[in-house]
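Enquirer: Starting from the known structure of chain A, arrange chain B on it as the hints suggest.
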Amino acid sequence: MATTLEKQPSTGVGSTTVASLARDWAQRAPNQIALREKDFGIWQEYSWEKTWDLIELAAHGLLALGIDVGDRVTIHAEDRPEWIILDLATVAIRGVTVGLYPTNPLAEVEYLVGDCTPKVFFAEDQEQADKVLEVDRSVAASITKILYVEPRGFGDYDDPRLMFWVDFLELGRTHREQNPAAVDQRMAAAEADDIMTLVYTSGTTGPPKGAMLSNANAAFAIDKIISETSRIPDGKGPNPSDLIVTYLPLCHVAERIFSTWTLVGAGPTLNFAESIDTVTANLREIQPTIFFAVPRIWERLHASVYIRGNDATWFKKKFFDFGLKAASIIGREKAATGGSHTFKSRLLYAIGQPLVFRAMKERLGLRRCRYAASGAAAVAPEVLEFFMGIGIPVFELYGMTENSAVATCNFAGRNKLGTVGEPYPDIGLRLDEETGEIQTKHPGNFQGYWNKPDKTAETMTSDGWLMTGDVGEWVDGTHIKIIDRIKHIIITSGGKNISPSEIENSLKTSIFVKEAMVIGDGRKFLSALVGIEPETVGDWALRKNIPYTTYRDLSEKPEVIELIQGVVSETNEKFARVENVREFRLIPKELDHEDGELTATQKLKRSSMMEMFGDLVESMYT
Amino acid sequence: MYGRPNLYTSYKQESQILPTWSQKIVLGIFLLILLAMPLDLWLTEQIPFVRFLGDNEWLPLINKVLVFAIATLGLNLLAGVAGQVSLGHAFFMGVGAVTAVFLGGQSSDNLHGLGLPIWIWLPGAGVAAALAGVIVSPVAVRLRGLYLAIVTLGLVFLGIHFGNTTWGAKFAGAPGLGRKAPKLDIRLWKEETPLINLDDDGRWLGFDVSDKAKTYFLLLGLTVIFAVMAKNIIRTRTGRALQAIRDRDIAAEVMGIPEFRYKVIAFGISSFYAGVAGALFSAALSGQVLAADFGLFFSVEFIAVLLIGGAGTTAGPLVGAFFVVMIPKFVETFTKWLDKTEGGITGKFADVALTGPEGDFGVIYTGVQTPGWQLNVFDWNIVLFGFLIIVFLIFEPLGLYGVWIRVRNYWKRWPFSY
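Chain order of the listed sequences is A and B.
The first sequence runs -3 to 618 under this note's numbering.
The second sequence runs -1 to 416 under this note's numbering.
For reference, chain A alone in the conformation it holds in the complex:
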């Protein structure tokens, strides 16, 4: 394992882990609310005392099931309190948590189980349990227990590996009575370089790789969350009075950091959305103060504002239109100044806030939001500009699993749209002189890929820097702009280097475009596969009295093709001639994780796209 980590000496009282931080909170603020979950229409609250008690029970339960130091525990579930409880319990007894996306299809579950060989597998309900039960016994040989928390549908299952969550906690209770100090002993023995989790990369190019993060990695990231307060407009770091809505998959490093690690680091309250479909409603109820979203969510919020605003009655629409105009002016002014108000924008905001913005933010659920962030993929600057315009302080940031998501972020007052911000102070970050690749070196750098020393070696330079695989460039010498993944750069047959992501993101700025993939490697000109956003395009078609039946039917309508042609032409105006998309085709189906076109994080898998829609692509070049 190539690592640049400065190892902390073992102290004997146990290294700081996410579990030990949680225990500290339970002692310091037992009655403070740590978690909230909506159940039967009511947000049920978990105090720190209760949360820690459950973590401890789960940890004893894991000990009773024979989890040893370094054994893997897999969690295959939607976001729910048990996710965090089991995660922290696993870390407490020096196990390794592995998160699976709830959307992972059987084939991926089988691969991941075979790769990380877990001892205990948490499958929240029948749907997830069915997947792991179907995994071939020889692959799943390591699994001794499959925990489930939703008993519905398990009535006539008789697999001896299955165990109900409540029984599991009871097992833990019995174990705690017999060995009250067992968990404390494990925690006291924790080492800084214990692997605490495997975070599987989404695998846009090959099979997912499990990035190993250690307790020291987590501690470093948590320290950055707490201590870098100047990124937040009011200068106050996350604290117990903050509210966070947890809705993105917890197995992804971004949500893990924004939810679990922020929770144990700063003690805010996590509120679990009921499901991804109810996020908008849950946001309105919770009105979080800190909000993280991936570009996809920001785009959807943005589109929903437009659609609902255009559906409003005449009088409301007048105000809405005024609000949009004001927001775009304010957004532009703020973008120019790095996030501060000018006299003009302040004046407009003073008028717009009581008339439109406050109500609009309340409907979006972001009225009390004091810090919002966008990350995990590139976002169109126009979208962020809109949210800045209506007064939501949103910042783009950048990081990846392999460096514990610590790389760059925009700081309040120095926000540059279109960039991912400045490197955190005191971390090693450089651009490779030849390729422009971003490389980092700091205590957050991961411990290597699980079982793949060759892959690990590939991502490390000879002098110990992590190669992120992202090409970036300096903006004004301080900020970094991401160009693209190094593997995605297109070299046309004319020998031009083109970054497809920029063009794709520009296409995706349109509320009608959901997916875009620019093609042109070794070709004469650029072309694109475009997936329409069924909601907005469907809405548009209804207004235009264009009848349609299915997604495919809709995307084959000449009017729709014409609509998208408009979007493409508009994009082409922004780019140089060689970067123009000359041809495009609409994808006849909605892309899906299950069908293999997208990764669990909704990123395009280019190779399978080319396989799937090869004919479509070829038709553009003949």
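Misleading hints may appear alongside valid ones.
List time: in silico DSSO-like cross-link candidates among lysine-lysine, alpha-carbon distance up to 27 Å [claimed, not checked]: (1) A:Lys232 with A:Lys357; (2) A:Lys437 with A:Lys483; (3) B:Lys410 with A:Lys314; (4) B:Lys210 with B:Lys181; (5) A:Lys46 with B:Lys10; (6) A:Lys357 with B:Lys410; (7) A:Lys357 with B:Lys22; (8) A:Lys570 with A:Lys477; (9) B:Lys22 with B:Lys410; (10) A:Lys313 with B:Lys410; (11) B:Lys229 with B:Lys22; (12) A:Lys492 with A:Lys570; (13) A:Lys321 with B:Lys338.
What the hints contain is simulated information worked out from the structure, not anything from laboratory work.
Expert: This is chain B only, laid out in the frame that chain A set:
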């Protein structure tokens, strides 16, 4: 959680009547104004409407509003919440009034009366009416909708007939004449001087209060109590069961709600309200008990109050009672004012709309008797109500309260429409 009105962390919090502080404050101010209204205060003089509503001329009408509100709150529980349309509400009020006068009135040669104080005869009136309701209720299990309405209509005629029998006249007074209603004075038992005298003008806490104002305070207190009770019934288990029966009785029973028991409960509670309202109607408003008062028209009037105000809600009956009772007076006052104006747009309007005894082409006749096709103000009021009931049933089944909900939702969704 401050500033997060939709974040419910317990069922108790979710079912609060007034979840936010601003609502609590607004209601508090409203109640204070109601309390101060009949008093001679500088502040109340400054608020439009309230300025004259507290006058002795208008107070009896306000008292009528309050009695109607109590009666309609009861009808709402039966017809609005449980969906059992009843035309027999006047009958249950009559039972209450007669019970009250039997318990609280003085006996004489041809009249029964026990002379008991108000704290016995007022609840007694309610209990007697509730018993009558419980006895009638099994009918509702067998009959629905229109048929139930017809059967309850029969009760009204039975009640008036009872008042006309010689046996019944011993309780309800001679047919067509009635008997004096019990006094509202509050006594401990049968002593001469009442504990609190509600019959004369007097001074309370340094304020001059007329007898009408005293009655007003008593009725206001009772209305608040009954409204809170109704609200609590609606938002708790009983109310949810009743609403389930209203929406689909068979489905409700399948879900484990005993239909029979809850229909009995609905009739019982509703009739209790009616009984108390009937007793108050005779004691505080008309001053006499007359069986013929509690006729079909009375029943229909409460249906009108309920529909115009908003069936199924607690605020509906209150708003509806105010509207139905006060509108005739407003129209009358307005017509009088219009009749006196000369010149200007209003004067022109008066010329066109009004007709005096000397003859004209206006549709509103200002004299007492109607000469021909023109109707006088009273008749126009009845036309107006008929019209309003039709309009509300077709366009806003939730009544005035529904209008309010629409307005509220309009702003709640700002700047969107959904």
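Enquirer: Tell me, in ascending order, the numbers of any earlier hints that this structure violates.
Expert: Violated hint (a single one): 13; every other hint is consistent with the structure.
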